[in-house]
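Student: Chains as they are written, first to last, in this note's numbering: chain L, 1 to 539; chain Y, 1 to 473.
Since the hints were derived computationally from the structure, they do not count as laboratory data. Where is the CB? At the ideal position from N, CA and C, for every residue including glycine. Please note that a few of the clues may not be correct.
[Said to hold, decoys possible] Restraint-style ranges between C-beta atoms, simulated for each label pair: (1) Y/Thr-418 with L/Lys-47: 24 to 30 Å; (2) L/Lys-183 with Y/Arg-389: 56 to 62 Å; (3) L/Glu-214 with Y/Thr-429: 38 to 44 Å.
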Amino acid sequence: MTTTTTVTFDRRPDEYRHWRLHVDGEVAWLELDVDEQGGLVPGYELKLNSYDLGVDIELYDATQRLRFEHPEVRVVVVTSAKDKVFCAGANIRMLAASEHHWKVNFCKFTNETRNGMEDATAHSGQTYVAAVNGTCAGGGYEIALACEKILLIDDNSSTVALPEVPLLGVLPGTGGLTRVVDKRRVRKDLADVFATRPDGVKGKTAVDWRLVDELVPRQGFREAVEKRAREIARESDRTGEGGIELTPLEHRYVDIEVGKDQVTITVKGPENDPGDLHEEGANGWFLAMTRELDDAILRLRTNEVEAGTWILKTQGDPEKVLAHEQAVFGAKDWLGNEITHYFKRTLKRLDVTSRTLIALIEPGSCFAGSLLELALAADRQYLLDGPPIDDEDSEERATIRLSEANFGPFPMGNGLTRLQTRFYGDEDHLAWLAREKDHELSAAEAVELGLVTDAPDDLDWEDEIRIALEGRASLSPDALTGMEANHRFVGPETIETKIFGRLAAWQNWIFTRPNAAGPEGALRRYGTGQKAVFDRKRV
Amino acid sequence: MPEKIDYDAKIPNNVNLSEDRRLQRALEGWQPKFMHWWGEMGPTLETQGVYLRTAVSVGREGWAHFDHVNVPDYRWGIFLAERDPDRRIAFGEHQGEPVWQQVPGEYRADLQRLIVIQGDTEPASVEQQKLLGLTAPSLYDLRNLFQVNVEEGRHLWAMVYLLHAYFGREGRDEAEGLLLRNSGSPDAPRILGAFNEETADWLAFYMFTYFTDRDGKYQLGTLKESSFDPLSRTCEFMLKEEAHHMMVGTTGVDRVVIRSAELIREHDTLDIGPHGGIPLDLIQRYINFHYTVSLDLFGSETSTNAANYYTAGLKGRWQETRRRDDHKLTGDARTLERPGGDGTWTTEEMQAILLLNLDLRTEYVADCQTGVKRWNKILSDAGIDHTFRLPHPGFNREVGINSGHHVTPDGTIVDERTWEAGKPKWLPTTEDLTFVRSLMHPVYERGKIASWVAPPRQGINGKPFDYEYVYLT
Chain L
1 MTTTTTVTFD
11 RRPDEYRHWR
21 LHVDGEVAWL
31 ELDVDEQGGL
41 VPGYELKLNS
51 YDLGVDIELY
61 DATQRLRFEH
71 PEVRVVVVTS
81 AKDKVFCAGA
91 NIRMLAASEH
101 HWKVNFCKFT
111 NETRNGMEDA
121 TAHSGQTYVA
131 AVNGTCAGGG
141 YEIALACEKI
151 LLIDDNSSTV
161 ALPEVPLLGV
171 LPGTGGLTRV
181 VDKRRVRKDL
191 ADVFATRPDG
201 VKGKTAVDWR
211 LVDELVPRQG
221 FREAVEKRAR
231 EIARESDRTG
241 EGGIELTPLE
251 HRYVDIEVGK
261 DQVTITVKGP
271 ENDPGDLHEE
281 GANGWFLAMT
291 RELDDAILRL
301 RTNEVEAGTW
311 ILKTQGDPEK
321 VLAHEQAVFG
331 AKDWLGNEIT
341 HYFKRTLKRL
351 DVTSRTLIAL
361 IEPGSCFAGS
371 LLELALAADR
381 QYLLDGPPID
391 DEDSEERATI
401 RLSEANFGPF
411 PMGNGLTRLQ
421 TRFYGDEDHL
431 AWLAREKDHE
441 LSAAEAVELG
451 LVTDAPDDLD
461 WEDEIRIALE
471 GRASLSPDAL
481 TGMEANHRFV
491 GPETIETKIF
501 GRLAAWQNWI
511 FTRPNAAGPE
521 GALRRYGTGQ
531 KAVFDRKRV
Chain Y
1 MPEKIDYDAK
11 IPNNVNLSED
21 RRLQRALEGW
31 QPKFMHWWGE
41 MGPTLETQGV
51 YLRTAVSVGR
61 EGWAHFDHVN
71 VPDYRWGIFL
81 AERDPDRRIA
91 FGEHQGEPVW
101 QQVPGEYRAD
111 LQRLIVIQGD
121 TEPASVEQQK
131 LLGLTAPSLY
141 DLRNLFQVNV
151 EEGRHLWAMV
161 YLLHAYFGRE
171 GRDEAEGLLL
181 RNSGSPDAPR
191 ILGAFNEETA
201 DWLAFYMFTY
211 FTDRDGKYQL
221 GTLKESSFDP
231 LSRTCEFMLK
241 EEAHHMMVGT
251 TGVDRVVIRS
261 AELIREHDTL
271 DIGPHGGIPL
281 DLIQRYINFH
291 YTVSLDLFGS
301 ETSTNAANYY
311 TAGLKGRWQE
321 TRRRDDHKLT
331 GDARTLERPG
341 GDGTWTTEEM
351 QAILLLNLDL
361 RTEYVADCQT
371 GVKRWNKILS
381 DAGIDHTFRL
391 PHPGFNREVG
401 INSGHHVTPD
411 GTIVDERTWE
421 AGKPKWLPTT
431 EDLTFVRSLM
441 HPVYERGKIA
451 SWVAPPRQGI
461 NGKPFDYEYV
471 YLT
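One chain only, chain Y, in its complex shape (with noise of 0.2 Å):
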């Protein structure tokens, strides 16, 4: 398996694409509906060039190549981390096996659902972000924006690499499936709850890309444990991109507080909408959706077929091989807390292997947790005393045993009509989401910044943020 992507291909790739022709073939018939898509359900904004990041390898060095790139040519393509001969399976019954390099007949069906699930997620932001080129608030966030893009993409690419190559006809039905479904399309929406919501502003997009991609790396995480060897190595190289969208989320959110807490000392007050800033309050209130939203994506605390995809060997732990458990989970228990019809948590105890979903949201929890200390320690280092929360994983819930439930961000049970009535506090209303997308006015003068976002400390790859990230007509 070489290291080095070559990128003579059409499609370039590193699992020597062209000595399988069938592949090829299949691969080479599903990019034009690759592009098509792309030009269809991508970026709105046309440019000349973007200063983009592309793997020219898988290994340590060098899998960051920053240029010019006018988007359309990007070269997508399929990049899998480097094998280790020796892996051996971590978990489930299988443990202690060697992985396996094609698919078992008998989790054929488990593992293509597995890969379409995650590959349905990856354009879906594509879609939902499709319009943000028109109002971003600096030639680097624009810049940004299209690197999150072209990754997006590239992900799709990689699920669709698997579905073509492991997964025969039935696989290239599916990879041409998630072209066909689209973020909030009435007729064939895609998959999951949260890639069905609009991304309309560039608030959204970074509590998205701090959220939501941040799910998707614990996906990754779990789907990189997997036994199919294939599947591992192509996100353990998804993961390394992920990392970049999460830091563009990260300090996307702390560029929009460090903002607002200028405007609240320079003006002397906490209503800094009038100044062309977004109140802490209602930065809470969008904190409060996303996390929310994306807390849905994990499924259902209690879930069966978590705990079949474990058995099997399909789908592990958040860091599995850390972990020191016997890695059958058959005879650990875990405690789970329920809303109760009378108001009360109720703690449930539970075999642990039916609870992994929950396993894994909790090591997600505790990752968001750290923006959030950020973002307050910001607060505190300008003198301001007000503190950003995470709401109690029962709020808001559409999906697992808190749906049905009416929770506040603190964790209270309450009817309907206290739920109804706290709402324009815990969640963006109407108003807030036409604030923020007033605030919303393209800025593409180089060096030059909208008024409720500060300027990033670093630009990308050591250039300064007045680099002309994006040449546009």
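Isolated chain L (complex conformation) (with noise of 0.2 Å):
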């Protein structure tokens, strides 16, 4: 999409355009009812409930709404306010007339959101539940596919697909190849056919093949999903009053600074001791910094597309960072526990983000514990090694902190803590630097522990500094896009590192490809009427 226009993230429940949050005790419903007007650049309609960035950013919301202001809430009922169509995916509109970058982020947040689903029933008994009560095809199996359960209309006409190979000649985008094989289990020749057929599968087959889990009748069909709903809610141990609200986001505690080529991100430290974490509620410093973080990085990454090196840096005092993290993690309660979960899928978003992400750690810096992890999230660490730049007599120097924040509670998307992904297989150097945790690390104990990339002194480092930012931007962006997601998720595969990697990979060269892209490719033939002409030779 060539556009202007600049995309906010900020939502309300009572704005939504598109979704319609009801909340019923411990049931929510989630209803699907896209404004076909409503997209968020012209030049499309949304029709059969399929959705675009602007819808998914409302049910982005509406899921953070969900775990922080609700914790009541049990399951999540995702169904369709429209008749006979439960969603019909992506719109296929929008992504024909997108530029090749805005369908990549596109489908990385919508990933995102889906991964935050089921991260919602993992972590905080809040089980998702698809109620399909329609004709639901590609992205919106995808949404359904994310949910814990999926239910099907049994109307001897309603169908789940994928049909994005046979008509589109692109691949279901939002890991829908992924978890119908991973997460469903569903036998890969079966996954084949299924993938392969424009038209789907209904009823008894969707369940036979594991497609779906039950089919509902139609008749009484809301009834028996809310009784199925309320089932479900009992098994969950989910306990929680008092949600606090998500109010309108201030920007205290994140600055960002946009050049062309680099954008700055600072995050700034507590200013004061933790207070009660329900009472400070979206206050709170670590739940308002998350936010802010979050913020940023959805907002960079959707509107500064060619700012193509991202510096972090951080300011304020560790010890006060470190004490509100514990007030975190020391709540021991379901808030504690949702911001923790939120700062880790706010630094997931980091880790999969296709910019250069550099840490640069200065005096007055505050790059500890959870802070610590944004420096480990970045592809390169530079410390200054000597006074601050503009004040060569003070005595300060930058130090890291090592606390438990850097062994388990933010584990990457391959499974793994950042220090486990950073020294992969180095049993005996992670042991060391579990036994490095809660004390100052000088300059020379970071190097020493292979914790920065270099620490330059005061008289080496802004040369450094900018030879490193020059080269870097000097670089070809595509190269090192791959090379760098290559780089941050070593070891395992996971369900999300084959979403973010091994799928995103193959949809961004298919993207690409003429088959899909050229001016006779499926995509872009799609509702013309005309068939693709495919280039037949096999790459």
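Take the two lone chains and join them into the complex the hints point to.
Tutor: The structure is reproduced here in structure tokens:
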């Protein structure tokens, strides 16, 4: 999409255009009712409950609010408010008209939202149930796949389908292929049949192939779903009350400075000691900082596509950071749990961001514990070994600190901590690091422990950093994207890494191939009544 | 391919079923399910024999054989029109190639879908008309009802044959699904909306056979153009049978209008309800309803599915071979009238290939218009100053660009309140339906007819009106 629209990610349920959120005790209903005329940018209609980035931003907002504002909710039913159609998936005209980076970023964000739904089920006892009450195709089925249970209306005509390959010449881009075989354990030959059928699979066959879990009669569908939801709710261990309101974002703790080739993100530590987590609510530093950082990542990814390098800085008192971190970990209740998982997901967003990430650790910074994860997420870390550049008489020196935050609570998509990823397979080193937590690490120690890439002194610092950044900016952005993504995810594959790595890589390739995106390609020909022309050579 | 139908087979056919054991077994497996469905969902009235037309060969002569038949013993079978060995694809990207005798793998899913949707409509109307036998206005009409019903059943067989013969196990599953969905069923309704509406009275039946079966004629007409030859030949033969249903509708409405005109003149008032007739404005409301519900069956005015089917050669245009263009339509444009939020109509130019549903609907509208002319001629011949009209295509629509807009029968876009206020003038009200139902008393005596409808000008197969078309118990 060629657009000058600046995309924002702030939404409020009472202003949703495409979703209806209704909370009824421990069951919440999330109903898709897409406003056809409500596309994020002009040029397409969102027919058949198809979605674009705007629809998904609302879904993301809803999933976040359910976790923070509704601790009482144990089951979220995702369904459609329209008759006979659940969701037709991503809007094809939007995809066909979009520039490559827009498509990819859209897929990435939708993937993160789907993963977030699964995360809610796995870690917050908030189980998502898809009540598929009509035709469910492509991304529509991928929404269902992100749910723990899929209930399909048994009206002898509604189907689930992944028709991207036969109809569009692309792949289901939001984890469909991966989840079918990995999560739902559909046999691979049947998955092959399924994903090559434009018309999908219905009824008993869908159950037999494990594409859905249960059939529900059309008559009394809603009541039956409700009953099932209440049953599932009883199995949940989520307990909580007194949700906190996610108030409109204020940018207090995350500063963004956008340049032509690079962006500087500065995360500021807390000014005060932690208070009561629940009383502070969305104002508490940890949650506020996480929300702002999350929003910053999303807006920069979508709106600043040429700023290829992000410089990550922090500013503040490491002791206070660790005190707030302790308040969250020590809370041992639903809110502490939610904040922990939210920060985890935000770090994961950083991990999969296709920008060069460089952490600059300078005097006055607070790369301690949770915030040190930002540096560990970066592709390189530079620590200034000397006084602040603008005050050479100062005694202040940059340090970093490891805490329990670096050893478990914030795993990456590959299931490993960032330290385990950095020192993959080196158990001795990891054991050494574990002994070094909870105290300040100087530049020399940080180098020795392998926690930073380099530690130039104050004489070299500016030149070293300038040369590193300029060198970076001269390289092919595509090559960098590929290289960074490979280096960041060592070790085992998970559903997440497959979706973001393997699947996304194939999709990226297919999106640029003439068979899909050329003037006679399937994506461009879709909806014209003309058939795609394929180059039949297999590559 | 024998033109003669093998009537000795368990399933009468002209497709050499006896030589295809697998297919024969499959269809013989489906047959009892069909009979069960007919028993459950078919006509409620028991008869001892109905004067029915049965095809004995598909050629020009003798496809219409008349005799009294015990309805459940009717020999439903599989009849395809004769094959033209030189037939070539007439449109789309395969234009000029020989037609297909087998389903190309590439189009299997699309063809199956087209056949399932067509097949789903055939038994639906039988279900919708289930109770009408209890209130038939004459033996002649009762006979026509049965004729329509058995042929809809036969058309179901036609689609089921294709599913069984060409679509493997999935085709058999779909064929079974055709019997599992039922009109108006809250659990498994028919696929298209119009086939879940009630046909509660005989005026509705005439309107249905005029307007809704006419949609069927046009849909079959486009499938007759299909490059998949067995589908084409099946539909060609179905069209012959369908013509009779249309006759029932056309003459049925004729006869209601004739009777109403008689009563108007006799009592010198348009208010003929108290005299046992159906008032003209009520007939207009029925027209408005059945016409617009049938327009919905053409689908959305702009359709990429229809365009894809066309390019692939699966479904053509009405009388494709008589059209003088390139039969590809990739460069042609057509205009589309679109209702706007501001109450005005705008015209938009679009690629012709995306407007194929509109193209077919336009043919249909022109055809419907001929009936309206007939009925108006009856009125003017009787010296009655009243005309029927087809409402604007934007009126009362649930499908396509007009759905969600409030359009009056004359094409004015109005707000919701004006629409709701006008509705009782435009569409049958509960009172209308109750009134029409109150007239629906069965008349089963030979030569007699109900008060609200005139006898036909001609009987069936040269028989007089007072012929005993149906033997009742």
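Student: Hint by hint, note whether the structure agrees.
Tutor: Hints and how they fare:
1. Y/Thr-418 with L/Lys-47: 24 to 30 Å: For L/Lys-47 against Y/Thr-418, whose Cβ atoms are near 27 Å apart, the range 24 to 30 Å holds.
2. L/Lys-183 with Y/Arg-389: 56 to 62 Å: 58 Å, holds
3. L/Glu-214 with Y/Thr-429: 38 to 44 Å: This hint holds: roughly 42 Å between Cβ atoms.
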